[in-house]
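Two chains, two separate frames, one set of hints: put the complex together.
Chain residues, written in single-letter form:
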Amino acid sequence: MNEKTSLPLYGIPKILPYVKPYRKTIVIMILMGIAVSVFDAVYPLFNQYALNHFVALKTLDTLPQFIGLYLLCLVTQVTLNYTSVYICGKIEMLVDRDLRNASFNHIQTLSFSYFNQNNVGYVHARIMSDTGKIGELVAWRMMDIIWNGSYLIFVIAVMLATNARLAMYVLILVPFAVVLITWFQKHLVELNRKIREINSRITGNFNEGITGVRSIKTLVIEDTINGDFRKDTADMKRTSVHAVRYSGAFSAVISLMGSLALAMVLWQGGRLTIDGIIQIGTLSVFMTYALGMMDPLQSVITTLASLVSIQVNIERFTKLMETESDVADSEEVIEKYGDTFHPKKENWEELHGDVEFRDVSFHYPDGDEMVLEHFNLKVPQGTNVAIVGETGAGKSTLVNLVCRFYEPVEGEVLIDGRNARERSQLWLHSNIGYVLQAPHLFSGTVRDNLRYGNPDATDEQIMEALKLVSADFVIGKMDKGLDSEVGEGGDNLSTGEKQLLSFARAILADPRILVLDEATASVDTLTEKAIQDAIDIVIKGRTSFVIAHRLSTVVDADVILVVSDGKITERGTHKELMKKKGSYYALYTRQFEEIAADMVQHTAA
Amino acid sequence: MKKEQFDSRSGMIVYFLRGSKRYFGFALFFACMTSLLELLNPKIIGYTVDSVIDQQGSRLPAVVNALVEKAGGAAYFRTHLGVIALAVVCVALLAALCRFLFQLNNAKGAETLVERMRNSLFEHIIRLPSQWHSENHTGDIIQRCTSDVEQVKMFVAEMLTALFRITLLITLAVYFMVSIHPRLAMASCAFFVVIITYSIIFHRMIGSSFRKADEEEGRLSSIAQENLTGVRVVRAFGREAYERQRFEKQNNIYTDHWIYLMKLLGAFWTSGDLISWLQILTVLCYGSWLCVHGQLTAGDFIAFIAYNSMLTWPVRLLGRVIASLSRANIAIDRLRYIMNAETEQETGELTPDMHGDICFDHVSYQYENSSAGILHDVTFTVKAGSTVGILGATGSGKSTLMNLLDRLYVLPEDGGRITVGGVDINDIKSDWLRGNIGMVLQEPYLFSRTLSENIGIAGHVSDMKQIREAARIASLDESVSHFTEGYNTYVGERGVTLSGGQKQRTAIAQMLVRKPPIMVFDDSLSAVDAETDAKIRNALKKNVSGSTVILIAHRITTLMSADHIIVLDKGRIAEEGTHDELIEKNGIYRKIYDLQVSQGELGEAAI
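Taken in sequence, the protein lines are chains A and B.
Taken in order, the first sequence gives residues 1 to 605; the numbers are from the working numbering.
Taken in order, the second sequence gives residues 1 to 607; the numbers are from the working numbering.
Only chain B is shown next, with the shape it has when bound in the complex (with noise of 0.2 Å):
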């Protein structure tokens, strides 16, 4: 695995663009070529209209010179004015073509980038552990890693390259009209370097009122999530005045802080407008003053006219861009919090037998950020091949055990060991460690494919017979007999909802598949009846010969016939043996034992 850590913006920036960067080599120069081409025109224009038209003297270079004569000079083309209009044409043509493949390659790189900013992101992230996990809230995490990539995207192949772009014209364009008439040109840049500071300014300062506007809208949204969510308490109160008075207000305040958005923004628009204008009135007057005077042709004045309002609305964008390089950089420490989040360590090297006994020797552990401690000093082996059967509330440290066996949460040093066939967990490769451990939690998460790919996820089975027989064992064939796709069913988020139970027999048939040495069932069959509970021991017990078994669960009918069981209370063991050991002992499992039975007068009726 990948191990980098990214100390800068500029780092991982350099690490995402992996990649990409030739596109974004081709797309500057060909947004160069553009430049220069699209810059050729007014050239052409002002030349035939001072030499061609007006028939005054030519002060092209004299390289152009020489093949202008060549050609037959401003007196040919002034008979073939078509061959201007071609040449006009020809030029537009590679400028288009030209600008073309600039896009072309700019959004291969762009899409390079995001793809491997996507694949980078997703990849780390599963492989964070369990306890980043439950730190972080998902909608988070999900937020970075759809806006804030895009932000990203939009700050390189539009920022960047934007900014490459209209520097380069701007440097270029000024170029001309400085070589056309330095004066007119500074009173012409003098506007420039107006709009630019105003704009930046003016989008430093707009950019708290729209962060304002998000969080009314916000507000907003939460307000109309509420009253969806709570549809039944608004109801049964007969509040719908009162929310429709809640929800009006605050549509009011969003609504009229975006009128006076608008205010501000209609008049930052439009003084732009007034200050290019005011350019091009003063560009004009002393333009034509110039051209009175003998020190400018009129070719000239047009081709400057050209330049300069070429230059307009890169000017404008200019402010724009500049100001919102502070958003990227937001949008890069978001993602950079992702990324320099440490994965999982791969401590272990060793691929040893995994039917050996699992013993936990004096495990303690507590959470990072609490200070109770979930287990105090657990020690109890599991025999290879055997059932164990763990009893305890909810609370007591049952699940946390089994989390550590799995290394979702890694025992600290001090914290004991864990050792399957006298091996330390901590040196077994967790691939190989996990992989050996069939898991099946209470609330399984089942993946947006079939049923039979869910089924067959894990041990990479697609033979439909092996499958049919885990669901068989499972009791989930009778479910699946239900659907009209069978196992071809679409399930998860945009398929069919399956019940808890359904799910928890999918998880069994999934596990059954790859029939791994050690299997956990922590509580998993809670949400199915007593009956479908027995029915599915009866087959695993048939079928599963040969595995270490470790059982949680809230009944005794459940745990009795494992051989050997551990009661846990509060992360102590509070006892452990057989169940007739335990009926003997006359503790907590007697007392649970006998509630269960007298109540119930179960006995017979559940088993």
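For reference, chain A alone in the conformation it holds in the complex (with noise of 0.2 Å):
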């Protein structure tokens, strides 16, 4: 925990924005909230005129005017009760929901520098349960605050009312307990971040001997493992008894001093009941007052003291609202052609596939160092071009740029002749098709995901598409053919399935440009033949940049571009490079070896 405390007013001033939609309503909350602690603090009232008229007087003439009020202030009290709970409960779940709304949303606009500098875990924590902890302040801390702080500012008015001298006697403890409260407030805040950390440190422990199970075996180290562990339990262990001595002690001494208030009253009361000047009944209702008026102090603290912790979900949220993408476009773009949202499909030209880098030169947003030099390249339409290289070489560099991922540092990428920034990235993307690596399905049935890029394909495109790629054994094996649901990630899926899935699904999109980036996965001989099949069909006609790992691929390719730490090293045909005998020369005959030794065993057995 490094994330520093610097907003001002626990960085609740951020948040009001989200809350103003609903001001009225939360108006009426909280007026209704102050009622019902009202209502709350009249009750014991009841008690006292029972006792000082009925029981002290003997007389029940009253008493049907008694039950009526009485049944009248409850009828008035759970009406009441039950609305606020309801727009409480109501607000924090539209307030969460809108808070989801603006993130995800803000989300789908940033640039892919921020996904590569935050893990998917970590933003999607961001959308899913920060909002949770905030929606639930606006309300439900709220709430608390101000049920139990006007329950208290109307007790004790009471009190003071009715017996100011009496009243002393009670209020004189208060700011002791409030003492106490916050000072025991404070460890516990600590210790409970102690635990906190603890137990991920134990999740943490059970995900390693887990997904570590083969190599905790085949070192025979299970009792190295198991001490280590046993050591972060009795830490967890020490640590939480340790928690509950304070917490323990904490509402022991809560309620000790609630006992004390009843002790003063008792002891002051007494005499002045005895002497005649209260009734027995307000000194009953001075007892009841006295007695409860510990819990409601100590939520009041507790509530405010949690402000704290809820700080850090509000800083986090801010955080990402106030992430700029890297890649934006300008005003007169966005006038032009829309944004990501509202896209202005009339003023759109029809995208031909002439991609140029021209004088590109580029760096990483997280690096400095130039993986790009006054880069130029045409690529025609239809063009080929193979990029090659080691793992980790930088081969998505340029892919990143064609996509307007990444924007150049200087010079420009220009489509159709025209800079990229000259229009908007809506309009780009949907005249790209993408092929990854790790195919990517959604979940949802394979017809959703077939027709994510283009939503108005019928069955019959479809199918096509499926046949032109060979992927319609895939459909045939599914019992309910393109309503089958993929399952999660795609999981129903064998990985090859899934790859010529997305391959039809960059068909049906008919993008201009494709960009492939090809699978290293081993799959089995058959689907391998079908994936390098439909990777034939995919480009052909199209303009294409293709992260090569086939060999085919690479020697058919227009242009082959080498990539090695980052910068572009070599650049000609097949022919040219071979001859050349550089490092694509060595990277084609070490990639050749591998695959033939698969192949050959396939094809000889």
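In short, the hints are calculated from the structure, not lab data.
Bear in mind the structure is a predicted one, so any value in this text is a computation, not a measurement.
No incorrect hints appear here.
Calculated cross-link-like contacts (lysine-lysine; reagent style BS3-like; alpha-carbon spacing at most 30 Å):
(1) Lys249/B with Lys20/A
(2) Lys580/A with Lys591/B
(3) Lys133/A with Lys212/B
(4) Lys591/B with Lys581/A
(5) Lys186/A with Lys231/A
Here is the structure:
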């Protein structure tokens, strides 16, 4: 936890815009909340009346009125209470919803550098969990303070009005209680933080023990790993018990304070009762108030203290919302072509597929080393570019620039002769097909997935696309055909099948520019062949950029770019580069031997 | 190793409770004390109001009355109310102390219980066979070990103790209330019965709505998750608007369901309030009537009201506790699933010299739930101290062969035999077997520790000289010198991420530290380039003399210098012999060799 507290007022002003639409409802909720707690504080007065009137005077004359008034109060209070609880829950949910929408939608506009710097789990937690904490703050935390706060104020007022002197005896305890509660609270917050830390360590241990189980077995280190685990669980036990020493003492002290107040009232109030200054009923109501004051007091302070921890959530949320995209369309572009969510398709020009890098220099936002310097490359419509190089050499850079996931630091990328920045990202992306190395499908039906790039595709078109890449057999073997569920992340399908479906998806989108990141994962020979054929079909007639691992793709490419250490070191056709006997030559021969080993064995057997 | 099967839920709970029972015993004792003491104060107040303030006759039990009289009777207290106040404070102090001791002991019990649960689970899990691990999802097992453990803890330390405390409190309070006025007590308790029944029914009913809320949240969460993992696809197809619509739609469904739930919960809470307040009204009216008719004193009335209000919350809690018991059952069953899975069987006792010949004798194997065999009648011998190479395509069964050798998978009775120095590996103690076989996997797992700790972990070596030496042979020293913290660099989940090649070399160093008599390289040089591969192999040759080496690889160059080469295809041995013999044979090996040589004209370059 090195997130420093820096926002004023726990960061609450930052979330006001999200609360604003509900301000009327919130005002109603607050008023109702106050009314509810006033009623709560009124009930003991009925006891007082019963004792002072019925019991003391031995008469039941006003009993019907008494019951009537009580029932009236009861019905009003229950109605108010129900409404305020319901409104409170509703506001929590609605604010949560709006915050989730806002963060999700904002994330849709962020550039890739954000996703490279923040892992999926982290971003996901921003959308799903921080927002929940904030919603809870706006609704329930606020309600807690209002309920308990106004209850306290009202009780104190009634006590002061009934008998100021007796009231003072009770109130004198309040400052002590406040100091004690605050002290305990501080320690508990710290201890709870520690417990959460150890807890995540233990979860990490479980993860390591389960995912690393084969290594643990082969290395015969069960005892070592076990011993370490025991250390953590023992640590957890020690810290948790230590925390309970505080929280236990805390609640004991609170109840003791309540009893202390009660004893005060009995002592001083008893005196007053004996002297006939107050009646027994009044004494009784004072005792009820004295005993019941400490819990709301504790609640208010605990709630205020918990604001510190919610501040972290607000900060994370605010930081996300204030993150700006590195790649953004200019005002004029948005004016003409529309933004991410509201495209003006009527103004979109057709894209032909001429791509040109003109004097492009580039480095990634999180590094200073230039990976491209004054790079020039013309890719006329229909050209097939293959990019090869070692794993991690930076082969995706060019592709990222073509897709405008990043923008050049200097120079420009031209699409159909015009700077890519002159048109909207959405226009470009709607004309680009992208097939990933690790094929990504969304949960839903096969049809939903295939239509992802072209929502209007008919079933005939879909089947045609599937046949084109020989993926119709995948559908054939599924029970419900196109309506079959692919599972979360496409888990119901094999890697090879997912790969083929993603080709069909790209074909349906019928893009002018195609970007293809070939898979390195090993698939069986048949699927391998099918994928190879699919690639050949997909890139035909389109401008394509292929991050290539397969030999035929490389050999037949119009231009081959060789990337090493993030820079383009060689370029040319297969023949030219083989003649050169440089790094392409070395790379090619090595890849070939591995693939050959697999291929020959299968064909020979 | 312990060998326990839990046929019943309670059996497992009892097993987990070992070591924490006494704490819970103390906790329950102090819970009783707390309840008793907390019930005492209303009595004192009732007496004070009646006898001291209102000056009615005392109706205290004879023993207490004698004590009171000795102190000076009601008259004395009338002038010394402070003494009574002091008594109230003393009782409260004792009650607070007992309450503290209850909480402390309860927490000690709970934490001891959780510690034992976690330790037992962890120890059990890492001793479960590989087969079990490949059949169960990591996420699911972790969920069981974290949230289900938490559920069971709640069940024992909160639910059961709460049940005990509440029952006790109710019994005592009702006893006192009955002793004050039986009919008034009955009128009041009738409402409690209503509240308990009502809340049990409600919680049973709302259970499915809560589950639905969880499901909807899960759905929303996966939409977000998929959007983030598939961010490239979303952007590349320009489908942000569609994603937004999809998310907002599910977000609305989820929100609406919760608002509906809030409506139900709000109705439940407030109707609970309503019943409670009606109860108080009944007590007030009926009590007043009794007072007016001289059947109840004011002090008793006040005490009665105090007892009555003490019960309001516990009674409402009781319904929830009872309703949630069924949830605990599910959690216990989920843990029982893990604890009842069979750990690896120790079948052997022998600790023979492992420097002997390794014989695979008619080995056949197939996975439990698959019909296709992985290995068919594989027979070959690895001579002690020699190097054997295995060539095979993906899925040809070479890794399975090694898993069988290390007994990660157990060879069935009719599946042939594997022997080391003539001893069946099933008769060898598995720690001994695995300790003497160094296995470097294709994708090695590194632990969240420093690099040097990872290298030394298996051999329990912390001597930096040995670690450096092993790293040098594995060509890892150069990479290490690039890390600012060198060998103290923290790796794994919470540290630096190493590249595939670096991981493989770390694993090789890890094995070299312990110098096992048998070394297996399972495609473990695949992520390093050809030159480093050659460098490592040369260094190994010089440093591991005496060990038997099994080398699995794709590259002919990696294998060609082995003493014996086996070509595995679809679970059968297709060819075997030395490099020269296999070349002469003109079979698969030769074809692969030709391809690799001719295409790359690589010969010298890669060697």
